[in-house]
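> If you want the building blocks of each chain, they are given just below.
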Amino acid sequence: MKHFKNFLTALGLIALFCFMAPNRLYGYLDAGTGSYMVQIIIAFAAGGAFAIKIFWRRIYAFIKRTPSKNKDEQNKK
Amino acid sequence: MNKIKNSINEPGSFRDPSGFLFYRDSHIYRQINIIYKEDYNMLMDSGLYRALTDSSLLITHEEVDVSGPGPGKAYKIIRPEAIPFISYPYEWCFEQLKDAALTTFKIQKTAMDFGMTLKDSSVYNIQFLRGRPVFIDTLSFEKYHEGSPWVAYRQSCQHFLAPLALMCYSDIRLNQLFRIYMDGIPLDLASILLPSSTNFNPSLLSHIHLHAKGQKHYAGKTINMKSHKMSRMSFMGLIDNLESTIARLNHRTKATEWGDYYEDTNYPPEAIEHKKEIVASFLDSAGPGIVWDLGANDGSFSRIASSRSLYTISFDIDPIAVGKNYFQSKKNGEENILPLFLDLTNPSPGIGWKNDERSSLLKRGPAETAFALALIHHLAISNNLPLIKIADFFSLVCNNLIIEFVPKDDSQVQRLLSTREDIFPDYTRAAFEEDFGKYFKIENIEKIKGSRRTMYLMKKRVRII
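Order-wise, the sequence lines are chains A and Y. When you line the first sequence up against my numbering, it's residues 1 to 77, in that order. When you line the second sequence up against my numbering, it's residues 1 to 465, in that order.
Calculated from the structure, these hints are not laboratory results. There could be a bad hint or two in this list.
[Said to hold, decoys possible] Chain Y is faced by these chain A residues, among others (derived, beta-carbon under 7 Å):
no., residue
1, Gly32
2, Ser35
3, Phe44
4, Gly47
5, Ala51
6, Ala61
7, Phe62
[What the hints assert, rightly or not] Using 35 Å as the maximum straight-line C-alpha spacing, the simulated DSBU-like pairs for lysine-lysine come out as follows:
no., chain 1, residue 1, chain 2, residue 2
8, Y, Lys106, A, Lys53
9, Y, Lys330, A, Lys64
10, Y, Lys216, Y, Lys229
Every residue gets a Cβ at the ideal spot worked out from N, C-alpha and C, and that includes glycine.
Let the hints inform the model, and build the full structure from the sequences given.
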């Protein structure tokens, strides 16, 4: 377990260095350098997952809508 | 413009230069500084304020024509809807903190639809109003700048995700860490306290464990500010991931001392019914005003007050009982009851800057009426508190007191004494009446049928200084 934790930590830190590229920050709070760097990496991954999530939701909504729409049209006839 | 005298600044509202809260003539106002003009106008004109207030996510306010305490900097003065009782995350149960977090993320997502974002994610921006969490900081919104990261990310992890994960996976009492750490739970501490199995949860691994490592790695380092941007999709993905991680956290209820209190009493059902009748009749004599039920358990007796449209704070020392109470209030859509955690032997102190940013329990009182039902024996015998000290404390927290005296020959008191020496020769009904009589005038006394217990209605004596 400890080795696995260290492995993941190392992986995370490598990823941190790969994506170091902050932008201007707005607001009165100090976002914290470490938090800022971590956020950039997590957001990169989460953004990809979010895009897939939206994509699948749209497909699901489309599939779900199509039969009921056909049914409605049949009922009207 | 009306000039109102004697303003007092709210001691917990000074960190954000956009404005501050102040009290005047028993009303609360917020000064909006000129520096925040653009963002405030955007909040109001974009439709975001309307969208959030229509869905009861944001506190409503009205713009008023009065001069603020800092007129040179003032753009506008607003009067937000008053919150009947301010509570803090170390007084909330798991579900209350979770609902506060989900409300914050819902607001953040709605704000993005209107081109705005939250510039902070403080747990103290949430209060409970009409049984639901509501965002109270009107000045927390700012224009979203495409490419910019979320400045409140660290705060959202420290104020919401870390304490909820700790309560869920380590111990439900760990929200008490808020009493020590004003700005949320430090992530390195959360990382140590969480079980190692949470490393297998990708969201907790990244937002807490790796986040803590990242903070340590970059501590004191200056980073090169390049023009790399965080896309809107990444921004939304981050918020969505935090929200869904929190939504999946569920506390597994374990048995606690008080969890099944009402199934484990020495009362016959008719005694409980008679006690409820006495409380209702005493409460009607005490008159209107806020009620504090001290030692409320699941809030059965609190509901006698809340059902009379009296705003009732239902305090208990057991976080599971508070959770049950909150669940019931949510399920029934009750608007006049607020279940909160409270250890009466160590009530919430004043914390933060000058011990004044978050008010102590006593500073948030007194209540018009307090209930102390089946409580006195726990204070006097389990906690060695002399009756005179208990009477003194109650005189500080309420104007009217509905209290139940549980005599020594009661089986519940005998149970408390079964494992310890009886060093309480003064725990008698006569001594109780004498000591409480120094602080209160006894207005009514009634025996509970089918039990050895007695109910009292007392009115606080006016102290002559």
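> Of the numbered hints stated earlier in the document, which are not met by this structure?
Result: hints 6 and 7 break, sorted rising.
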